[in-house]
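Student: Construct all of the structure, not just a fragment, from the sequences and the given hints.
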Amino acid sequence: MRHSPASRRHFLKMMAAAAPLGVAAPFALQMATLGSAAAQSAPTGYKALVCIFLFGGNDSHNMVLATDTDSWNRYFLARNTGNDPIALMPPGTPAAAVGSVSPVTARTVTRSTPEFLGGVLPITPQTPNPIPAGTAASTRTFGLHPAMAPLVQGAASPWNAGRLAVVANVGPLITPTTKAQYVARSVPLPLNLMSHNDQQSIWQSGAAEGAQRGWGGLMADTMLAQNGSNSVFTAVSANGNAVFLSGATAVQYQISTAAQPAIQPTAAAASTLYGSAVAAQALSESIRDTSGLSLFAQDHAAMTRRAMDSAQALNSAFATTSAAAIPAPSPYVNPVTGLVEANTLATQLMTVARSVAAAPVLGVTRQVFFVGLGGFDTHDLQNPTHTNLLGKVAHAMAYFDGVLGNVGGLNMRGAVTTFTMSDFSRTFSSNGDGTDHAWGGHQFIMGGAVRGRDMFGQFPTVGVDRTGFSNPNMSGNILVPTTSVYQLGATLGKWFGLTDAQLLTIFPNLGNFSLRDLGFMA
170 MRHSPASRRH FLKMMAAAAP LGVAAPFALQ MATLGSAAAQ SAPTGYKALV CIFLFGGNDS
230 HNMVLATDTD SWNRYFLARN TGNDPIALMP PGTPAAAVGS VSPVTARTVT RSTPEFLGGV
290 LPITPQTPNP IPAGTAASTR TFGLHPAMAP LVQGAASPWN AGRLAVVANV GPLITPTTKA
350 QYVARSVPLP LNLMSHNDQQ SIWQSGAAEG AQRGWGGLMA DTMLAQNGSN SVFTAVSANG
410 NAVFLSGATA VQYQISTAAQ PAIQPTAAAA STLYGSAVAA QALSESIRDT SGLSLFAQDH
470 AAMTRRAMDS AQALNSAFAT TSAAAIPAPS PYVNPVTGLV EANTLATQLM TVARSVAAAP
530 VLGVTRQVFF VGLGGFDTHD LQNPTHTNLL GKVAHAMAYF DGVLGNVGGL NMRGAVTTFT
590 MSDFSRTFSS NGDGTDHAWG GHQFIMGGAV RGRDMFGQFP TVGVDRTGFS NPNMSGNILV
650 PTTSVYQLGA TLGKWFGLTD AQLLTIFPNL GNFSLRDLGF MA
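Those letters in the sequence shown? Residues 170 to 691, per my numbering, in order.
Treat the hints with caution; some may be incorrect.
Derived CB-CB ranges, DEER-like [to be verified]:
(1) Gly397 x Thr347: 46 to 52 Å
(2) Arg635 x Gly268: 33 to 39 Å
(3) Asp669 x Val273: 48 to 54 Å
(4) Val447 x Ala324: 54 to 60 Å
These aren't lab readings, by the way, just hints derived from the structure by calculation. All C-beta atoms in this analysis are idealised placements derived from N, C-alpha and C, irrespective of residue type, glycine included.
Tutor: Now the structure itself:
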(Lines of atoms letter the chains of each structure in order from A; the text may use other names.)
(Lines give C-alpha, C1' and ligand atoms only; values in the text may rest on other atoms or scores of the structure.)
Protein backbone atom coordinates (compact mmCIF):
# COMPACT_ATOMS: atom_id res chain seq x y z
CA MET A 170 0.00 0.00 0.00
CA ARG A 171 1.28 3.46 -0.95
CA HIS A 172 0.21 6.83 0.38
CA SER A 173 0.91 10.32 -0.85
CA PRO A 174 3.22 12.46 1.31
CA ALA A 175 0.23 14.61 2.21
CA SER A 176 -1.83 11.68 3.43
CA ARG A 177 1.09 10.34 5.46
CA ARG A 178 1.62 13.75 7.03
CA HIS A 179 -2.07 13.91 7.86
CA PHE A 180 -1.92 10.45 9.44
CA LEU A 181 1.09 11.44 11.59
CA LYS A 182 -0.61 14.67 12.60
CA MET A 183 -3.71 12.76 13.71
CA MET A 184 -1.53 10.41 15.73
CA ALA A 185 0.14 13.34 17.47
CA ALA A 186 -3.26 14.85 18.24
CA ALA A 187 -4.33 11.52 19.72
CA ALA A 188 -1.51 11.59 22.25
CA PRO A 189 -3.69 12.47 25.25
CA LEU A 190 -5.79 9.41 24.50
CA GLY A 191 -2.86 7.08 24.98
CA VAL A 192 -2.55 5.85 21.41
CA ALA A 193 0.90 5.43 19.86
CA ALA A 194 2.27 8.93 20.21
CA PRO A 195 2.65 9.06 24.04
CA PHE A 196 5.26 6.36 23.74
CA ALA A 197 6.96 7.97 20.77
CA LEU A 198 8.98 10.64 22.51
CA GLN A 199 10.17 8.10 25.08
CA MET A 200 11.62 5.43 22.86
CA ALA A 201 14.81 6.96 21.49
CA THR A 202 17.03 4.30 23.04
CA LEU A 203 14.98 1.27 22.06
CA GLY A 204 16.70 -1.41 20.04
CA SER A 205 15.30 -4.57 18.58
CA ALA A 206 13.69 -6.96 21.02
CA ALA A 207 15.09 -10.45 21.26
CA ALA A 208 14.32 -13.23 23.69
CA GLN A 209 17.26 -13.91 25.95
CA SER A 210 18.09 -16.38 28.65
CA ALA A 211 16.96 -15.57 32.17
CA PRO A 212 19.03 -12.70 33.57
CA THR A 213 21.34 -13.36 36.47
CA GLY A 214 21.31 -11.04 39.44
CA TYR A 215 17.94 -9.48 38.64
CA LYS A 216 16.80 -6.77 41.06
CA ALA A 217 13.84 -4.41 41.10
CA LEU A 218 12.70 -1.51 43.26
CA VAL A 219 8.97 -0.83 43.53
CA CYS A 220 7.78 2.52 44.90
CA ILE A 221 4.22 2.67 46.25
CA PHE A 222 3.25 6.33 46.56
CA LEU A 223 0.31 7.15 48.83
CA PHE A 224 -0.94 10.43 47.39
CA GLY A 225 -2.49 13.03 49.68
CA GLY A 226 -0.50 12.51 52.87
CA ASN A 227 -0.99 9.22 54.71
CA ASP A 228 -1.84 9.47 58.41
CA SER A 229 0.89 7.07 59.48
CA HIS A 230 0.12 7.85 63.15
CA ASN A 231 -2.88 5.55 62.65
CA MET A 232 -0.94 3.08 60.49
CA VAL A 233 1.93 2.22 62.86
CA LEU A 234 1.30 2.93 66.54
CA ALA A 235 3.23 2.72 69.81
CA THR A 236 1.06 0.73 72.21
CA ASP A 237 3.03 0.79 75.47
CA THR A 238 0.87 2.30 78.20
CA ASP A 239 2.53 5.71 78.33
CA SER A 240 2.50 6.16 74.55
CA TRP A 241 -1.04 4.86 74.18
CA ASN A 242 -2.46 7.16 76.84
CA ARG A 243 -1.03 10.21 75.08
CA TYR A 244 -2.20 8.95 71.69
CA PHE A 245 -5.73 8.40 72.96
CA LEU A 246 -5.81 11.77 74.69
CA ALA A 247 -4.94 13.57 71.44
CA ARG A 248 -7.19 11.58 69.10
CA ASN A 249 -10.24 10.54 71.11
CA THR A 250 -11.74 14.01 70.64
CA GLY A 251 -14.06 15.89 68.30
CA ASN A 252 -17.40 15.07 66.76
CA ASP A 253 -16.04 11.88 65.16
CA PRO A 254 -12.97 10.72 67.14
CA ILE A 255 -10.24 9.02 65.12
CA ALA A 256 -8.48 7.19 67.97
CA LEU A 257 -8.18 3.47 67.26
CA MET A 258 -8.93 0.87 69.90
CA PRO A 259 -6.17 -0.64 72.08
CA PRO A 260 -4.71 -4.07 71.26
CA GLY A 261 -6.93 -6.97 72.24
CA THR A 262 -10.19 -5.01 72.02
CA PRO A 263 -12.85 -7.20 70.37
CA ALA A 264 -14.67 -5.82 67.36
CA ALA A 265 -17.95 -4.29 68.52
CA ALA A 266 -21.31 -4.95 66.90
CA VAL A 267 -23.10 -2.15 65.10
CA GLY A 268 -25.60 -0.52 67.46
CA SER A 269 -23.84 -1.71 70.60
CA VAL A 270 -22.26 0.62 73.14
CA SER A 271 -18.47 0.37 73.29
CA PRO A 272 -17.08 -0.46 76.74
CA VAL A 273 -13.95 1.51 75.81
CA THR A 274 -15.52 4.79 74.68
CA ALA A 275 -19.17 4.50 75.77
CA ARG A 276 -20.18 5.49 72.24
CA THR A 277 -22.73 3.79 70.02
CA VAL A 278 -20.93 1.77 67.37
CA THR A 279 -21.46 2.25 63.63
CA ARG A 280 -19.64 0.64 60.72
CA SER A 281 -17.59 3.82 60.34
CA THR A 282 -16.34 4.11 63.91
CA PRO A 283 -13.03 2.61 65.12
CA GLU A 284 -14.86 0.48 67.70
CA PHE A 285 -16.35 -1.59 64.86
CA LEU A 286 -12.87 -2.71 63.76
CA GLY A 287 -11.58 -3.91 67.12
CA GLY A 288 -8.12 -3.26 68.48
CA VAL A 289 -4.91 -2.50 66.64
CA LEU A 290 -2.90 -5.54 65.54
CA PRO A 291 0.16 -6.19 67.74
CA ILE A 292 3.58 -6.46 66.12
CA THR A 293 6.80 -7.25 67.96
CA PRO A 294 9.97 -6.00 66.26
CA GLN A 295 12.94 -8.34 66.63
CA THR A 296 15.12 -5.48 67.84
CA PRO A 297 13.83 -3.47 70.83
CA ASN A 298 13.31 0.12 69.75
CA PRO A 299 15.16 2.67 71.89
CA ILE A 300 12.98 4.46 74.41
CA PRO A 301 13.08 8.16 73.54
CA ALA A 302 13.13 11.09 75.92
CA GLY A 303 9.77 11.84 77.46
CA THR A 304 8.50 8.25 77.24
CA ALA A 305 7.93 6.57 80.59
CA ALA A 306 8.12 2.92 79.56
CA SER A 307 10.52 0.09 80.29
CA THR A 308 9.95 -1.30 76.80
CA ARG A 309 8.02 -0.15 73.76
CA THR A 310 5.33 -2.16 72.03
CA PHE A 311 3.68 -1.51 68.67
CA GLY A 312 0.68 -2.28 66.50
CA LEU A 313 -0.76 -1.75 63.02
CA HIS A 314 -4.15 -0.44 61.98
CA PRO A 315 -6.74 -3.25 62.21
CA ALA A 316 -7.48 -2.96 58.47
CA MET A 317 -3.94 -4.17 57.71
CA ALA A 318 -4.44 -7.75 58.85
CA PRO A 319 -3.19 -9.30 55.56
CA LEU A 320 0.30 -7.99 56.36
CA VAL A 321 0.57 -9.44 59.86
CA GLN A 322 -1.81 -12.34 60.36
CA GLY A 323 -0.74 -15.91 59.63
CA ALA A 324 2.69 -17.51 59.56
CA ALA A 325 3.13 -16.74 55.86
CA SER A 326 2.21 -13.05 56.14
CA PRO A 327 4.96 -10.60 55.16
CA TRP A 328 5.56 -9.47 58.75
CA ASN A 329 5.55 -12.88 60.39
CA ALA A 330 7.65 -14.41 57.60
CA GLY A 331 10.27 -11.70 58.07
CA ARG A 332 9.72 -9.84 54.79
CA LEU A 333 8.19 -6.62 56.11
CA ALA A 334 9.85 -3.85 58.14
CA VAL A 335 8.93 -0.38 59.37
CA VAL A 336 11.13 2.67 58.98
CA ALA A 337 10.04 5.14 61.64
CA ASN A 338 9.69 8.91 61.43
CA VAL A 339 10.98 9.52 57.91
CA GLY A 340 10.68 12.77 55.99
CA PRO A 341 12.51 15.23 53.77
CA LEU A 342 15.50 16.68 55.65
CA ILE A 343 18.42 18.68 54.32
CA THR A 344 20.43 18.10 57.48
CA PRO A 345 19.65 16.47 60.85
CA THR A 346 17.08 18.73 62.49
CA THR A 347 15.86 18.95 66.08
CA LYS A 348 12.60 20.41 67.31
CA ALA A 349 14.43 23.47 68.63
CA GLN A 350 16.20 24.01 65.30
CA TYR A 351 12.93 23.66 63.41
CA VAL A 352 11.17 26.16 65.66
CA ALA A 353 14.07 28.63 65.42
CA ARG A 354 14.57 27.97 61.68
CA SER A 355 18.27 27.75 62.49
CA VAL A 356 19.04 25.01 59.94
CA PRO A 357 18.09 24.74 56.25
CA LEU A 358 14.62 23.24 55.81
CA PRO A 359 12.96 21.67 52.75
CA LEU A 360 10.99 24.14 50.67
CA ASN A 361 7.26 24.54 51.19
CA LEU A 362 6.73 22.00 53.92
CA MET A 363 3.16 20.66 54.08
CA SER A 364 2.40 21.57 50.45
CA HIS A 365 1.07 18.59 48.52
CA ASN A 366 2.70 19.27 45.16
CA ASP A 367 6.04 20.34 46.58
CA GLN A 368 6.34 17.53 49.11
CA GLN A 369 5.32 14.88 46.58
CA SER A 370 8.08 16.22 44.35
CA ILE A 371 10.65 16.45 47.15
CA TRP A 372 10.02 12.86 48.23
CA GLN A 373 10.45 11.70 44.64
CA SER A 374 13.25 13.99 43.50
CA GLY A 375 14.74 16.00 46.35
CA ALA A 376 13.45 19.24 44.80
CA ALA A 377 10.17 21.15 44.96
CA GLU A 378 7.47 21.18 42.29
CA GLY A 379 8.94 21.57 38.83
CA ALA A 380 11.80 19.12 39.38
CA GLN A 381 12.94 17.38 36.21
CA ARG A 382 14.68 14.31 37.63
CA GLY A 383 13.75 11.82 40.32
CA TRP A 384 16.00 9.55 42.31
CA GLY A 385 14.39 6.43 40.88
CA GLY A 386 15.19 7.66 37.37
CA LEU A 387 18.73 8.63 38.34
CA MET A 388 19.25 5.13 39.72
CA ALA A 389 17.86 3.77 36.45
CA ASP A 390 20.43 5.90 34.58
CA THR A 391 23.22 3.86 36.15
CA MET A 392 21.66 0.59 34.93
CA LEU A 393 20.77 1.39 31.31
CA ALA A 394 23.90 -0.18 29.83
CA GLN A 395 23.39 -3.30 31.93
CA ASN A 396 19.91 -3.70 30.42
CA GLY A 397 21.22 -3.62 26.84
CA SER A 398 18.99 -3.08 23.84
CA ASN A 399 15.78 -3.09 25.87
CA SER A 400 16.92 -0.45 28.36
CA VAL A 401 13.65 1.38 27.67
CA PHE A 402 12.09 -0.99 30.20
CA THR A 403 14.42 0.08 33.02
CA ALA A 404 12.06 2.68 34.54
CA VAL A 405 8.41 1.64 34.37
CA SER A 406 5.31 3.37 35.73
CA ALA A 407 1.92 1.73 36.13
CA ASN A 408 0.54 5.00 37.57
CA GLY A 409 1.07 7.56 34.85
CA ASN A 410 3.82 10.14 34.69
CA ALA A 411 5.99 10.38 37.83
CA VAL A 412 9.02 12.59 38.34
CA PHE A 413 10.41 9.77 40.50
CA LEU A 414 11.27 7.80 37.33
CA SER A 415 12.70 10.66 35.24
CA GLY A 416 16.47 10.42 34.87
CA ALA A 417 19.11 12.34 32.98
CA THR A 418 19.02 9.61 30.33
CA ALA A 419 16.39 7.13 31.47
CA VAL A 420 12.86 7.96 30.38
CA GLN A 421 9.96 6.26 32.08
CA TYR A 422 7.92 3.73 30.15
CA GLN A 423 4.27 4.08 31.08
CA ILE A 424 2.46 0.79 30.99
CA SER A 425 -1.27 0.16 31.06
CA THR A 426 -2.62 -1.94 33.91
CA ALA A 427 -4.64 -3.68 31.22
CA ALA A 428 -1.21 -4.81 29.91
CA GLN A 429 -2.21 -4.25 26.29
CA PRO A 430 -1.88 -0.78 24.73
CA ALA A 431 -4.69 0.43 22.50
CA ILE A 432 -2.49 0.11 19.44
CA GLN A 433 -0.22 -2.73 18.36
CA PRO A 434 0.47 -2.19 14.65
CA THR A 435 3.55 -4.26 13.80
CA ALA A 436 4.28 -7.01 11.32
CA ALA A 437 2.96 -9.58 13.77
CA ALA A 438 -0.15 -11.41 12.64
CA ALA A 439 -2.00 -10.55 15.84
CA SER A 440 -1.45 -6.80 15.53
CA THR A 441 -4.60 -4.72 15.78
CA LEU A 442 -5.69 -1.12 15.77
CA TYR A 443 -8.76 -1.00 18.01
CA GLY A 444 -9.54 -4.55 16.94
CA SER A 445 -8.86 -4.18 13.22
CA ALA A 446 -5.91 -6.00 11.66
CA VAL A 447 -6.45 -4.15 8.36
CA ALA A 448 -6.26 -0.76 10.05
CA ALA A 449 -3.17 -1.86 11.94
CA GLN A 450 -1.45 -2.89 8.73
CA ALA A 451 -2.36 0.41 7.05
CA LEU A 452 -1.03 2.42 9.96
CA SER A 453 2.17 0.38 10.11
CA GLU A 454 2.87 0.92 6.43
CA SER A 455 2.14 4.64 6.69
CA ILE A 456 4.50 5.07 9.60
CA ARG A 457 7.30 3.06 8.01
CA ASP A 458 7.07 4.80 4.63
CA THR A 459 8.81 8.13 5.21
CA SER A 460 9.65 9.07 1.63
CA GLY A 461 8.89 12.71 0.92
CA LEU A 462 8.58 13.68 4.57
CA SER A 463 10.56 16.42 6.27
CA LEU A 464 13.45 15.48 8.53
CA PHE A 465 11.34 16.33 11.57
CA ALA A 466 8.49 14.13 10.35
CA GLN A 467 10.94 11.32 9.61
CA ASP A 468 12.32 11.55 13.15
CA HIS A 469 8.82 11.54 14.58
CA ALA A 470 7.89 8.52 12.48
CA ALA A 471 11.06 6.70 13.56
CA MET A 472 10.29 7.30 17.21
CA THR A 473 6.72 6.16 16.70
CA ARG A 474 7.96 2.96 15.03
CA ARG A 475 10.20 2.32 18.01
CA ALA A 476 7.23 2.93 20.31
CA MET A 477 5.23 0.35 18.40
CA ASP A 478 8.10 -2.11 18.49
CA SER A 479 8.54 -1.65 22.22
CA ALA A 480 4.85 -2.25 22.83
CA GLN A 481 5.02 -5.39 20.71
CA ALA A 482 8.11 -6.60 22.57
CA LEU A 483 6.37 -6.11 25.89
CA ASN A 484 3.16 -7.74 24.76
CA SER A 485 5.07 -10.72 23.39
CA ALA A 486 6.98 -11.07 26.65
CA PHE A 487 3.76 -10.88 28.64
CA ALA A 488 2.17 -13.55 26.46
CA THR A 489 5.02 -16.04 26.12
CA THR A 490 6.52 -16.12 29.61
CA SER A 491 5.39 -16.92 33.10
CA ALA A 492 3.90 -13.42 33.11
CA ALA A 493 0.69 -14.84 31.70
CA ALA A 494 0.44 -17.17 34.69
CA ILE A 495 0.51 -14.36 37.27
CA PRO A 496 -2.96 -14.53 38.86
CA ALA A 497 -5.22 -11.55 39.36
CA PRO A 498 -5.68 -10.28 42.91
CA SER A 499 -8.45 -11.77 45.00
CA PRO A 500 -11.54 -9.56 45.34
CA TYR A 501 -11.03 -6.68 47.74
CA VAL A 502 -13.66 -6.22 50.44
CA ASN A 503 -14.04 -2.78 51.98
CA PRO A 504 -13.69 -3.39 55.75
CA VAL A 505 -16.15 -0.57 56.49
CA THR A 506 -18.99 -1.43 54.12
CA GLY A 507 -18.35 -5.14 53.69
CA LEU A 508 -18.76 -4.72 49.93
CA VAL A 509 -16.42 -5.79 47.14
CA GLU A 510 -14.83 -2.88 45.29
CA ALA A 511 -11.94 -2.21 42.95
CA ASN A 512 -8.40 -1.99 44.29
CA THR A 513 -6.39 -0.17 41.64
CA LEU A 514 -3.19 -0.52 43.65
CA ALA A 515 -3.44 -4.30 43.55
CA THR A 516 -4.08 -4.14 39.79
CA GLN A 517 -0.99 -1.98 39.29
CA LEU A 518 1.11 -4.41 41.32
CA MET A 519 -0.21 -7.28 39.22
CA THR A 520 1.17 -5.47 36.16
CA VAL A 521 4.50 -5.00 37.94
CA ALA A 522 4.60 -8.71 38.82
CA ARG A 523 3.99 -9.60 35.18
CA SER A 524 6.77 -7.22 34.16
CA VAL A 525 9.13 -8.94 36.60
CA ALA A 526 8.15 -12.28 35.07
CA ALA A 527 8.79 -10.89 31.57
CA ALA A 528 12.28 -9.61 32.43
CA PRO A 529 14.17 -12.72 31.20
CA VAL A 530 12.58 -12.45 27.75
CA LEU A 531 13.26 -8.72 27.60
CA GLY A 532 16.83 -9.24 28.80
CA VAL A 533 16.68 -6.67 31.61
CA THR A 534 18.38 -7.21 34.97
CA ARG A 535 17.56 -3.97 36.79
CA GLN A 536 14.18 -2.24 36.92
CA VAL A 537 12.57 0.57 38.91
CA PHE A 538 8.76 0.66 39.13
CA PHE A 539 6.25 3.25 40.31
CA VAL A 540 2.68 2.61 41.44
CA GLY A 541 0.34 4.71 43.53
CA LEU A 542 -2.94 5.14 45.35
CA GLY A 543 -4.71 8.45 45.97
CA GLY A 544 -7.23 9.73 48.49
CA PHE A 545 -5.08 10.09 51.63
CA ASP A 546 -5.81 13.80 52.20
CA THR A 547 -8.14 13.01 55.11
CA HIS A 548 -9.14 16.43 56.44
CA ASP A 549 -12.56 14.99 57.22
CA LEU A 550 -14.37 11.65 57.29
CA GLN A 551 -11.06 10.03 58.15
CA ASN A 552 -12.47 6.99 59.91
CA PRO A 553 -14.16 5.29 56.93
CA THR A 554 -11.84 6.76 54.30
CA HIS A 555 -8.50 5.93 55.89
CA THR A 556 -9.63 2.48 57.01
CA ASN A 557 -10.58 1.60 53.44
CA LEU A 558 -7.35 3.03 52.00
CA LEU A 559 -5.12 1.13 54.43
CA GLY A 560 -7.16 -1.98 53.73
CA LYS A 561 -6.34 -1.56 50.04
CA VAL A 562 -2.65 -1.04 50.77
CA ALA A 563 -2.49 -4.19 52.89
CA HIS A 564 -4.50 -6.24 50.39
CA ALA A 565 -2.28 -5.11 47.50
CA MET A 566 1.03 -5.58 49.28
CA ALA A 567 0.10 -9.02 50.61
CA TYR A 568 -1.03 -10.04 47.11
CA PHE A 569 2.22 -8.80 45.58
CA ASP A 570 4.29 -10.63 48.19
CA GLY A 571 2.34 -13.79 47.48
CA VAL A 572 2.66 -13.81 43.68
CA LEU A 573 6.37 -12.99 43.82
CA GLY A 574 6.81 -16.23 45.75
CA ASN A 575 6.14 -18.20 42.57
CA VAL A 576 7.08 -16.55 39.29
CA GLY A 577 7.46 -19.33 36.78
CA GLY A 578 8.50 -21.65 39.58
CA LEU A 579 11.03 -19.17 41.00
CA ASN A 580 10.79 -17.30 44.29
CA MET A 581 11.45 -13.71 43.24
CA ARG A 582 10.79 -12.08 46.61
CA GLY A 583 14.48 -11.67 47.32
CA ALA A 584 14.97 -9.86 44.01
CA VAL A 585 12.20 -7.27 44.47
CA THR A 586 12.09 -4.64 47.21
CA THR A 587 8.90 -2.63 47.68
CA PHE A 588 8.61 0.54 49.75
CA THR A 589 5.99 3.16 50.55
CA MET A 590 6.25 6.93 50.34
CA SER A 591 3.73 9.74 50.85
CA ASP A 592 3.55 13.53 50.70
CA PHE A 593 3.80 13.77 54.49
CA SER A 594 2.10 12.37 57.55
CA ARG A 595 -0.71 14.19 59.33
CA THR A 596 -1.15 16.32 62.43
CA PHE A 597 -1.13 14.25 65.59
CA SER A 598 -4.31 15.76 67.06
CA SER A 599 -7.70 15.35 65.44
CA ASN A 600 -9.38 18.36 63.85
CA GLY A 601 -12.77 16.92 64.77
CA ASP A 602 -13.15 14.13 62.23
CA GLY A 603 -9.83 14.16 60.39
CA THR A 604 -6.28 15.46 60.33
CA ASP A 605 -4.28 18.16 58.57
CA HIS A 606 -0.91 18.40 56.82
CA ALA A 607 2.25 17.72 58.82
CA TRP A 608 5.76 16.33 58.18
CA GLY A 609 7.44 13.16 59.50
CA GLY A 610 5.83 9.74 59.26
CA HIS A 611 6.39 5.98 59.08
CA GLN A 612 6.96 3.83 55.98
CA PHE A 613 6.96 0.14 55.04
CA ILE A 614 9.76 -1.80 53.33
CA MET A 615 8.89 -5.25 51.95
CA GLY A 616 10.88 -8.00 50.24
CA GLY A 617 12.85 -11.18 50.68
CA ALA A 618 16.10 -9.21 51.05
CA VAL A 619 14.61 -7.00 53.78
CA ARG A 620 15.56 -7.54 57.42
CA GLY A 621 11.92 -8.02 58.21
CA ARG A 622 9.85 -8.25 61.35
CA ASP A 623 11.78 -5.27 62.64
CA MET A 624 11.72 -1.49 62.96
CA PHE A 625 14.45 0.89 61.83
CA GLY A 626 15.03 4.47 62.85
CA GLN A 627 13.80 5.99 66.08
CA PHE A 628 10.08 5.70 66.77
CA PRO A 629 9.26 9.08 68.29
CA THR A 630 7.87 10.17 71.59
CA VAL A 631 4.08 10.16 71.29
CA GLY A 632 1.78 13.02 72.21
CA VAL A 633 1.36 16.77 71.83
CA ASP A 634 2.75 19.38 74.20
CA ARG A 635 0.63 20.23 77.22
CA THR A 636 1.15 21.44 80.77
CA GLY A 637 3.88 19.34 82.33
CA PHE A 638 4.82 17.58 79.09
CA SER A 639 6.97 18.73 76.17
CA ASN A 640 7.42 16.30 73.30
CA PRO A 641 11.03 16.51 72.06
CA ASN A 642 9.99 15.16 68.62
CA MET A 643 6.92 17.26 67.94
CA SER A 644 6.36 20.95 67.35
CA GLY A 645 2.72 21.63 68.00
CA ASN A 646 0.98 18.90 66.00
CA ILE A 647 3.87 18.30 63.62
CA LEU A 648 6.33 15.44 63.96
CA VAL A 649 9.89 16.50 63.11
CA PRO A 650 11.58 13.66 61.17
CA THR A 651 14.62 11.93 62.63
CA THR A 652 15.41 9.97 59.44
CA SER A 653 15.76 11.53 55.99
CA VAL A 654 14.19 10.18 52.83
CA TYR A 655 17.72 10.44 51.39
CA GLN A 656 18.95 7.89 53.94
CA LEU A 657 16.06 5.62 53.02
CA GLY A 658 16.79 6.03 49.30
CA ALA A 659 20.52 5.47 49.75
CA THR A 660 19.90 2.23 51.65
CA LEU A 661 17.72 0.98 48.80
CA GLY A 662 20.23 2.19 46.21
CA LYS A 663 23.12 0.39 47.86
CA TRP A 664 21.18 -2.89 47.68
CA PHE A 665 20.28 -2.09 44.06
CA GLY A 666 23.98 -1.97 43.18
CA LEU A 667 24.97 1.69 43.27
CA THR A 668 28.34 2.82 44.59
CA ASP A 669 28.80 5.33 47.40
CA ALA A 670 29.94 7.90 44.84
CA GLN A 671 26.81 7.37 42.74
CA LEU A 672 24.59 7.67 45.81
CA LEU A 673 26.23 10.94 46.84
CA THR A 674 25.61 12.27 43.34
CA ILE A 675 21.94 11.28 43.41
CA PHE A 676 21.45 12.46 47.01
CA PRO A 677 23.74 15.51 47.41
CA ASN A 678 22.57 16.11 50.99
CA LEU A 679 23.36 12.54 52.03
CA GLY A 680 26.79 13.71 53.17
CA ASN A 681 25.11 15.72 55.94
CA PHE A 682 24.07 12.49 57.68
CA SER A 683 26.50 10.27 59.55
CA LEU A 684 24.35 7.16 58.97
CA ARG A 685 23.92 6.51 55.26
CA ASP A 686 22.78 2.89 55.45
CA LEU A 687 19.77 2.38 57.73
CA GLY A 688 20.43 -1.37 57.85
CA PHE A 689 17.05 -2.66 56.71
CA MET A 690 18.50 -4.52 53.68
CA ALA A 691 20.33 -7.80 54.19
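Student: Give a verdict on every hint.
Tutor: Here is how each hint holds up against the structure:
no.: 1; hint: Gly397 x Thr347: 46 to 52 Å; in the structure: holds, 48 Å
no.: 2; hint: Arg635 x Gly268: 33 to 39 Å; in the structure: holds, 35 Å
no.: 3; hint: Asp669 x Val273: 48 to 54 Å; in the structure: holds, 50 Å
no.: 4; hint: Val447 x Ala324: 54 to 60 Å; in the structure: holds, 55 Å
Of the numbered hints stated above, none is contradicted by the structure.
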